[in-house]
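S.K.: Assembling the complex is the task here: the two chains are given apart, and the hints tell you how they should meet.
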Amino acid sequence: MKITPIRRTVQILSLAAMGAVPLLNSRGLTAVSGSFYSVSIGPLMLTDPLIAIQSLLATLRFDTVLLASALIPAGLALVLGRVFCGWVCPQNTLSELFDAAGRRLGISRFFAPAPAPLARYAVLAVILAATLLFGFPLASLLSAPGIISVQTARFIYEGTVGLELALIGVILLAELFLVRRVWCNHLCPVGSTLGLFRSKRTLRVVMVEEGKHACIHCRECVKACQLGLNPMAGEVAPQCHNCGACIDVCRKITGERRPLSFRLCRRD
Amino acid sequence: MSRQPLRPPGAVAEAEFLGRCIRCGKCALACPYRAIRIAGLLDGLAIMGTPVVQARESPCYLCLKCVSACPSGALDSRVKKREQVRMGTARINKKECLTWQGTFCRSCYDHCPLFNEAITMDSELRPVVNEKKCVGCGICEHVCPADPAAITVIPGGAG
Numbered sequence: 176m177k178i179t180p181i182r183r184t185v186q187i188l189s190l191a192a193m194g195a196v197p198l199l200n201s202r203g204l205t206a207v208s209g210s211f212y213s214v215s216i217g218p219l220m221l222t223d224p225l226i227a228i229q230s231l232l233a234t235l236r237f238d239t240v241l242l243a244s245a246l247i248p249a250g251l252a253l254v255l256g257r258v259f260c261g262w263v264c265p266q267n268t269l270s271e272l273f274d275a276a277g278r279r280l281g282i283s284r285f286f287a288p289a290p291a292p293l294a295r296y297a298v299l300a301v302i303l304a305a306t307l308l309f310g311f312p313l314a315s316l317l318s319a320p321g322i323i324s325v326q327t328a329r330f331i332y333e334g335t336v337g338l339e340l341a342l343i344g345v346i347l348l349a350e351l352f353l354v355r356r357v358w359c360n361h362l363c364p365v366g367s368t369l370g371l372f373r374s375k376r377t378l379r380v381v382m383v384e385e386g387k388h389a390c391i392h393c394r395e396c397v398k399a400c401q402l403g404l405n406p407m408a409g410e411v412a413p414q415c416h417n418c419g420a421c422i423d424v425c426r427k428i429t430g431e432r433r434p435l436s437f438r439l440c441r442r443d
Numbered sequence: 016m017s018r019q020p021l022r023p024p025g026a027v028a029e030a031e032f033l034g035r036c037i038r039c040g041k042c043a044l045a046c047p048y049r050a051i052r053i054a055g056l057l058d059g060l061a062i063m064g065t066p067v068v069q070a071r072e073s074p075c076y077l078c079l080k081c082v083s084a085c086p087s088g089a090l091d092s093r094v095k096k097r098e099q100v101r102m103g104t105a106r107i108n109k110k111e112c113l114t115w116q117g118t119f120c121r122s123c124y125d126h127c128p129l130f131n132e133a134i135t136m137d138s139e140l141r142p143v144v145n146e147k148k149c150v151g152c153g154i155c156e157h158v159c160p161a162d163p164a165a166i167t168v169i170p171g172g173a174g
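Just so you know, the sequences run in chain order S and W.
Everything in the first sequence is counted per my numbering, starting at 176 for the first residue and increasing by one.
Everything in the second sequence is counted per my numbering, starting at 16 for the first residue and increasing by one.
Because the hints were derived from the structure by calculation, they are not lab data.
It should be emphasised that the depicted structure is a prediction, and the values quoted were computed from it without experimental measurement.
Hints are not guaranteed to be accurate.
Sample of chain W residues facing chain S (criterion: CB under 10 Å; computed from the structure) [claimed, not checked]: (1) Ala30; (2) Glu31; (3) Ser87; (4) Gly171.
Cβ coordinates follow ideal geometry from the N, Cα and C atoms, glycine included.
The shape of chain W in the complex, shown without the other chains (with noise of 0.2 Å):
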């Protein structure tokens, strides 16, 4: 993982993260879904111990029950509502989306937990991401049918 890992909502920016998180997998214990990972030793030394979320394979439903978990701060208490989470922002790749290459499919847009806000449908009936929205659950990346995914979450943000 050579840059940022998506982390679960609530975190703080990344590197007040790694001095706030403890390590104590609280969080992983925590969700209901088993989305969040704990990184190893290979993942790199700072991270190692540190709750991740691969989106693809298991994405945030937003429960925020890890944020309620968290005894250090990485995961701010602060953050209590879906909308307040800022894990990152989902970009999609318009050379890989079918709709965007003519075939059409609104998996994304159907399953986003912020539905119709988050992403829309632009005039031709294809998904755009709304960027002042979209909280980085990732819930789009597991769900798009293309291989790999053509919607993808770039990890970044505080919250």
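This is chain S alone, in the form it adopts within the complex (with noise of 0.2 Å):
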């Protein structure tokens, strides 16, 4: 079974229930409410982890259900990996739809990055220490996934949406001129942050040869992966986000005996 059509369809519901969460909202039906920041389903509450590492920061005050109420996004990622990147931010989805359209166009980026996954655990920290500094909640203002939610929910309620969407349109410009998905795979705080929630046994793309599963080295894996990752060479994480582009192409290729697949499993 391909993964792609599966996972189209978590991102378009995804962004369907984005704008649905506001309008039923707004007509008083607010079992379901929040954002990407933080949403509520009934009495119970999921927020970013990021978010709720950064209040911890930015007022010192250690708020339980604040704290707790991440615990349910980090398992996730500590089980299924950066699903939410892959799969869920409207972000990535839009980067993706860009993405893909640079290349149709044949646009050309000015500087092509090895993956550092360092690099952008160094941004995170800058993020986390000027909010511990200020006392100011940076993080939500640099979640992109946050303020493409909440202006959509702010265009619902009040027919307008704030400035602050230029920041979703200077990472897109950069990604299609400058560096190819470079918010998603280089700066973003919140990946970075779901990317801290990982074990040796979280979910990834793994390389097996055994048997008649073999890899025919036709780097078309290597070619399909937006992030400019390479699955072949084994550990693809932190910047991997399980999107499973790799996986499809490695199976149109060799069929049932292909060698790439996700393992919920230990790699030696």
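M.R.: So this is what it looks like as structure tokens:
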């Protein structure tokens, strides 16, 4: 079974929910309410782990409810990897769309840095340090999914949007002309934080060459990866979003013998 | 917005509010009157994304749904009754107020949710704000027939 059609469905449903929640809320149906910063589903609250950590640092106040509400999203990342990024986040969906358009138009970027997992954690550390220093929730202003969802709600409630959407525009332009997928791959503090919740058993793309599962080194998986990762090299975390594009293309070429697959396992 | 904006009910003191509010927009989504607006970048980087009430257009009716929706403690969940709310204090501009200028009007007095407590009538039937009771909801500012409103809420206080 191909992964991409399922993922596209989840992405479209996520975008639809982002509009449906404020629309229903505005009509008094508030069972589900919130944004990609924090969402309430009945009595259950889910908060972006970055936002919960930020609150702790900005206020130096241990808010048990807020921190506990980040446990399910953090647990999801721990088990399934950064599936929020690859399957749900509206910024990733937009970036994928623009990347596909850019490729079709034949736009080439100015820079092509190698994947650097440490750099993104440095960016996260600077943001969190500034949050602590100034007592100001800086990460909220840099959460692309948060901004997109709140501005969608604002558009539905107030018929207008804020200039902070300019950040999204800048990201898309930078990704189109400067560095491919630079925000998701190198900068986004939301994704970096989710990447911290990771164990040896977290779901990941693994190449298994056993018996008939032989890699033919066609490099199609490398071409399929928008983040510029090499699934054949083994360790693609923490950059990988578990989008499954490499697995799909691997199956297309090698059929049922595909050596690339998702594994919830310890990797030696 | 150079001065402090009017915050939803239950808001902690402004400096603390700016640190606690995670800009999630849940309070605005919860407000049945659409009285809570999300500040934009043009309102200032510090308050961008935070909730503001523009009382003249749409005041707070003190249902306190926003307080229970707030996940971060920026709106203090201990504020459960409307008497506890302290969004600000209404102030009458006597030079613009119809009654103070001799034309009889009691819009603010009649519409005040803390009826005859936060706004009372003096011996000559002119409205007077009781600063100890006023919660700063802005309904008086919303209904004032003078243009611009002769009674406005000065934001401030916590709760």
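S.K.: Against this structure, judge whether each hint is valid.
M.R.: Tested hints:
1. Ala30: Check passed: Cβ of Ala30(W) comes within 9 Å of chain S, closer than 10 Å.
2. Glu31: 8 Å, holds
3. Ser87: Since chain S brings a Cβ to about 6 Å from Ser87(W), closer than 10 Å, the hint holds.
4. Gly171: 20 Å, violated
Figure legend: structure checked against the earlier numbered hints; the only hint not met is number 4.
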